[in-house]
Amino acid sequence: MILSKSKQIEEEGYPPSMENSSSDIGRGVDGISRLNLLPEERTELLDVKAWAPMLETYGLTMKVAVALTDTEGNLLGKCHNAQPIWTLVQNTKVSNQAGCPFCLSPPLPCMAVADALRTGRPTMVRDLAGLMHVAVPLSLGKHSLGAIIAGQVSDQYPESLLLKRAAEKFGVSAQLLWDLSVKQRPVGRASLQLAADLLCTLGKAFLRERYGAILETHISQANLRFRLLVEGVTDYALFTTDYLGRVTGWNVGAERMLGYCEAQILGQNFSRMFTSEDIQNHAPEKQFLKASQEGRAEDEGWRVRENKTQFWANVIITPLAEDGDSRRGFALVMQDITTRRKAEIELETVRQERIDLQEQFLSHVSHELRTPLTAIYFFITNLLDGVAGNLTPGQRETLEFSLENVKQLKDMVSDLLDVSRIETLKLNINPQCMSVPGLIAEVLRTCHANAKLKNISLNTDIAESLPSAWADRARIRQVLINLIDNGIRFTPGEGSIAIHGGVFAEDNNFLCLSVTDTGCGISPGNYPMVFDRLAQVETVADTSRKGLGLGLFISKELISQQGGRIWVESQVGQGSTFYFTLPAFSLARFCASILTPTNLEAGSATLLSIDVSSIDGAIPAQDLSAIRKTLERSIFLGQDLLLPSMTEAETTETFFIIACADRSGAEAMTKRLRRDLENSRVKPTICLTTVQLPVNDQPWDKRISEVTSQIDKLIQGHLLGRESLR
Amino acid sequence: MSVKKILIVDDDEYLLIGLAAKLKANGYAVVTASDGIGAVASTRREKPDLIILDLGLPAGDGFLVLERLRAMAELLATPVIVLSAWDPTNNRQRSLKAGAVAFFQKPPDNREFLSAIRHALGEEVALSQFLKT
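Protein chains in written order, with our numbering: chain A, 1 to 726; chain B, 1001 to 1133.
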């Protein structure tokens, strides 16, 4: 920008017409008319030393006195080629006397400089003594800088009367003035006019030249500063690339940080500074794209030096763009923050060690507590069973209280371990396809005894045909028991607790379960707090002991880690409702990876059901997991899919495989499965059902959803059939 | 039917007393051992019908005991129920793999625990067979 402006001044050249040239310098050239000059730049523009040779030459050539003045007409520097009269007058003049230095007519003010600056034209004046001088304005844009005054000559033979008057006014000898005046050669008015115009052009040109020179100096200084900045900065690597990532500029800092010297790296792609892993992940391209799109990209990561060592870098990429066109390339600022990173890692390690230690401690404590707790549990239950003889009602009650306390202790021990696991991210969650009504029935059986003690009724309201949930059954059981126990604890006798289950109204990809009590309630301000670790909400202080207050914290973690959400709504004095959501199991989503147009090209898919059953009691868990492993090995990844367990019956289990194969392909797979299951202790029954893909003009997603729903129906039908057989 | 003999292996004296009383009350004969070596020796000597085994034992932990028992042909058929304070997350699977028939974390639910004992002793099978005939 700056450079182009100075160029404009040069190009404008010297206007041929004097009339034009006498106008403001740069008028009509927006850049100059708008420019702002700093005070020091004004001084610099009118630097008397710089002007001196030009003024001196002019004065000698034109045989006139010539001097530079400020805008007030005060002399700047000396008067060049001073005429004898001027010297005489100046020597007589009281120093610092205001007024025109070229006038022999005080105290009348000489308006030459002011007029010249106002009109922008040379202004000629004839003073009391009949001497002529001309003021030439010096302006740059809107800025008046000063003037050049030239003259102190007479345009005709001196008039004795005028000289005498002037001599009187100045207090000089009239004779002396006369002698000097007659020695000076008169200059014609016309030639003085011409000389003034010439001076005007000269002044204007010189001013521009000076301005250009000043700008040049500034620019070169700025360039130097920039170069010093870029080259001298050694803590940062500063470099530029073209839009393809080839290095186009390289500073000393970059050389120091990355080890390449300029000659080595220029023209090379900057991706060589990335780790091979990042290159495979297209990290360099991604960062350029982000910088182009967002105007800036910042990244932290490992970078590779010339000697293949790595450092942790913070990198800022800015496009060198004008009007959003990033094809000009990019500027990169890179900082080596390995030390900081190391400190962070160190800190994280220390933190991790502390947490591990804490977990070890909690785990140790909880395990150490379990054995004596078990002994106490056995003693109490033995007594209650009458092992040591019959009990009086009072003794029985005391023992039942003790048993209740043992159970509380046991829960606390489990909670302690869970909390330490949450903090070390070691909480195990194994989602499965689970039926909610079955689980709730099981939970109710567990909680029944507790509720009965306080005469609290437990009611359920489960939506019919509730889809299965995709969740860890044991963990959801834990959450439900937590919530119900919590409800029982805070609900006075004769109250009730209701468990609801349904599809989540806000999003049918989720199920929503809730536990409502008729307890003391929680004030809204405490809602978020109840899920805090070690939360103790004051308004619920009417029971003597509430455990460690970890139950809800653990519940929240268990739910959120399974993709659900837990929250509470409550009214003080009326009761509370705890809600939580769970992802619904969706066969369509589960099968989406294999039910694709490519896999279904054969026109059919096959459902294989592998039935396992045990006549006497539950099927041993290890048998089931062995079969599952075998099946997993026998199917083709990406083409066949082994569904998760769909039933909770203990004596039967059915494994389902969806195979994207036609009947003959599926039969081949059956053979393979039978062979692989040969060594298994349990001999499962394998049955095949082939689902034909609807052949019509429907779009693929419709045809796939059709297949999915057929498979779903087949699975449900198969499970129902087995159920009725039992 | 003869009284079934159960060997309890645990290093906690009180747990042995409490559990022994419970099992006796349920009609079983009980012998005890309190470390790994004792467990193997008692099994050989007493030929119990069932072993209730702790995992954290002095002189050879529960897994070592399981390994020893599985290595002896005459003891191979003796069912082992693990009753341990240890975390079930990994230890359940590990115990079952090593040959135990069930894993209970301390403290167990009495009903489930006794039912597992009966199941392991084949008593429930006998009952269902009885019902069938």
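Source of the hints: derived by calculation from the structure; they are not laboratory data. C-beta atoms are modelled at their ideal positions from N, C-alpha and C, and glycine is treated no differently. Wrong hints could be hidden among the right ones.
[Said to hold, decoys possible] With a Cα cut of at most 30 Å, we get these calculated DSBU-like pairs of lysine-lysine:
| hint | chain 1 | residue 1 | chain 2 | residue 2 |
| --- | --- | --- | --- | --- |
| 1 | A | K671 | B | K1004 |
| 2 | A | K629 | B | K1004 |
| 3 | B | K1097 | A | K683 |
| 4 | A | K407 | B | K1047 |
| 5 | B | K1047 | A | K410 |
| 6 | B | K1005 | B | K1047 |
| 7 | B | K1004 | B | K1047 |
| 8 | A | K410 | B | K1097 |
[As the list claims (entries may be wrong)] Cβ pair distances, simulated, as ranges:
| hint | chain 1 | residue 1 | chain 2 | residue 2 | range |
| --- | --- | --- | --- | --- | --- |
| 9 | B | A1041 | A | T392 | 37 to 47 Å |
| 10 | B | E1013 | A | A388 | 47 to 57 Å |
| 11 | B | E1046 | A | R589 | 50 to 60 Å |
| 12 | B | E1013 | A | D356 | 26 to 36 Å |
| 13 | B | E1013 | A | T339 | 54 to 64 Å |
Here's how the hints hold up against the structure:
Taking the CA atoms of K671/A and K1004/B, the gap is near 45 Å; set against the 30 Å cutoff, the hint is violated. For the proposed pair K629/A and K1004/B, the alpha carbon gap of about 36 Å is over 30 Å, so the pair is violated. Between K1097/B and K683/A the alpha-carbon distance is near 20 Å, which keeps this suggested pair within the 30 Å criterion. For the hint pairing K407/A with K1047/B, the CA-to-CA distance comes to about 35 Å; that exceeds 30 Å, so the pair is violated.
Taken as a hint, the K1047/B and K410/A pair is broken in the structure, with Cα atoms around 34 Å apart against an allowance of 30 Å. For the hint linking K1005/B to K1047/B, the alpha-carbon distance of about 8 Å falls within 30 Å, and the restraint holds. Taking the CA atoms of K1004/B and K1047/B, the gap is about 10 Å. The hint holds against a cut of 30 Å. For the given pair, K410/A sits about 27 Å from K1097/B by alpha-carbon distance, which is consistent with the 30 Å threshold.
The hinted range of 37 to 47 Å is satisfied by A1041/B and T392/A, whose Cβ atoms lie roughly 44 Å apart. Checked against the given bound of 47 to 57 Å, the beta carbons of E1013/B and A388/A, roughly 18 Å apart, lie outside it. At about 56 Å, the CB distance of E1046/B to R589/A agrees with the hint of 50 to 60 Å. The given range of 26 to 36 Å is respected by E1013/B and D356/A, whose C-beta atoms sit roughly 32 Å from each other.
Between E1013/B and T339/A the beta carbons are some 57 Å apart, a value that agrees with the proposed interval 54 to 64 Å.
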